[in-house]
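Just so you know, the protein sequences line up as chains A and B, in that order. With this note's numbering, letter number 137 in the first sequence gets 137, and the count goes up by one each step, no holes. With this note's numbering, letter number 139 in the second sequence gets 139, and the count goes up by one each step, no holes.
No wet-lab data here; the hints were simulated from the structure. Here a beta-carbon is modelled for each residue, glycine too, at the ideal position from N, C-alpha and C. Hints are not guaranteed to be accurate.
[To be verified] Straight-line distance between alpha carbons at most 25 Å, and here's what the computed DSS-like set of lysine-lysine pairs gives:
(1) B/Lys-59 to A/Lys-162
(2) A/Lys-59 to B/Lys-162
(3) B/Lys-131 to B/Lys-102
(4) B/Lys-102 to B/Lys-153
(5) A/Lys-102 to A/Lys-27
(6) B/Lys-59 to A/Lys-59
[Stated by the list, open to error] Calculated Cβ distances over 10 Å to all of chain A for the following chain B residues:
(7) Arg-146
(8) Pro-151
(9) Ala-158
Number of protein chains: 2
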Amino acid sequence: MATLEFWYDFASTYSYLSAMRIEDFAKDRGVEVAWKPFLLGPIFQGQGWTTSPFNLFPKRGNYMVRDIERIAAYRGMTFRLAPVFPQNSVNAARLAMIGAEKGWTPAFTREVYLLQFRDGADISETDTLAKALAAVGQDPETLLARMREQPVKDALRAQTEKAMFLNIFGAPTFITEDGEMFWGDDRLEQALGWAAARGAPAASSA
Amino acid sequence: MATLEFWYDFASTYSYLSAMRIEDFAKDRGVEVAWKPFLLGPIFQGQGWTTSPFNLFPKRGNYMVRDIERIAAYRGMTFRLAPVFPQNSVNAARLAMIGAEKGWTPAFTREVYLLQFRDGADISETDTLAKALAAVGQDPETLLARMREQPVKDALRAQTEKAMFLNIFGAPTFITEDGEMFWGDDRLEQALGWAAARGAPAASSA
Chain A
1 MATLEFWYDF
11 ASTYSYLSAM
21 RIEDFAKDRG
31 VEVAWKPFLL
41 GPIFQGQGWT
51 TSPFNLFPKR
61 GNYMVRDIER
71 IAAYRGMTFR
81 LAPVFPQNSV
91 NAARLAMIGA
101 EKGWTPAFTR
111 EVYLLQFRDG
121 ADISETDTLA
131 KALAAVGQDP
141 ETLLARMREQ
151 PVKDALRAQT
161 EKAMFLNIFG
171 APTFITEDGE
181 MFWGDDRLEQ
191 ALGWAAARGA
201 PAASSA
Chain B
1 MATLEFWYDF
11 ASTYSYLSAM
21 RIEDFAKDRG
31 VEVAWKPFLL
41 GPIFQGQGWT
51 TSPFNLFPKR
61 GNYMVRDIER
71 IAAYRGMTFR
81 LAPVFPQNSV
91 NAARLAMIGA
101 EKGWTPAFTR
111 EVYLLQFRDG
121 ADISETDTLA
131 KALAAVGQDP
141 ETLLARMREQ
151 PVKDALRAQT
161 EKAMFLNIFG
171 APTFITEDGE
181 MFWGDDRLEQ
191 ALGWAAARGA
201 PAASSA
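Next comes chain A alone, as it looks inside the complex (with noise of 0.2 Å):
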């Protein structure tokens, strides 16, 4: 089966709506997504950057609250912006890194993201992080402990360190097994497309 990554930052308003669609999108193909939590502070202030494009072109970042609303109505979603924007995403993409090991991350993020975009709750706090891991069957006070250990802080590091060697400089961004490279929710389709045409016939014959 081809595989897409899906490259994502827990306060990205984009990738919100991405993550809400991605497994039926992708499961309609037959290709199966790796979710790769990441940070794009990093990576925004290697452009300079000291906070989100939104935030420093205003034009941008009221037009984006208007596109995404927009976007959510015609899917029936829920989107706030938050009172803080963007919010620090780093303890939630943490317990992420940690959900791969047993596979609950796909639904953690979804519940951060509803958490965040459709209740206006704020990420970066530990009662927020707890509902979510929570609602999603894992137990808060482990994972709460677990998220500030030094192993799980260094494959996050680890993690953005790979996505900026991969070029990657926004998010969504998802990359196919052959190195395409596709960013934006409104690119969602065209990569699963190309991931699903294009993506490893030797091991989904295997």
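Given the coordinates of chain A, assemble chain B onto it according to the supplied hints.
Structure of chain B alone, referenced to chain A:
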């Protein structure tokens, strides 16, 4: 009939994608297109950018080329980035302002884009512009002289100021009669759908 404004800069690669398809798409949906050439340069300067963001942020620029190559291949179009990018588009835009009087702006615009992004020509050169004018049945000598007159320069400056006033920050940008803004070739279908559904019902029954 509903009208959709199409704001574009002659140096903009994604505007090329839209210019080549907007009229057929609009006709299918019963929407009229108002072609609005303007200059992105002053708008980028207002954001503190001295050149295209594709040059300021090279990873974004490299991605743009690959993204448009894929889309162009899918649509059966040719795309090559001319050696100079972005090109000085001021004279092409001035001619397009003149063309609005007699209705040859759309054909002229497509011709200039093809010379630039299909053939690799430099649209800041008088020869290229003369070729585009001749291709759409206009007299190069007369029009290249008018292009340098103050009223034409003023008209383009006013149009660019209007773009700033409308909070346009990139190209292509589509604006409906009820003031909805859509940015990017990938929003063209959505913009036309919006315009067709909500645009000027009174006018269409007049």
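For each hint, the structure was consulted:
1. B/Lys-59 to A/Lys-162: holds, 15 Å
2. A/Lys-59 to B/Lys-162: holds, 15 Å
3. B/Lys-131 to B/Lys-102: It holds: about 19 Å lies between the C-alpha atoms, which stays within 25 Å.
4. B/Lys-102 to B/Lys-153: holds, 18 Å
5. A/Lys-102 to A/Lys-27: holds, 20 Å
6. B/Lys-59 to A/Lys-59: holds, 23 Å
7. Arg-146: holds, 33 Å
8. Pro-151: Given that every Cβ of chain A is farther than 10 Å from that of B/Pro-151, nearest at about 29 Å, it holds.
9. Ala-158: holds, 20 Å
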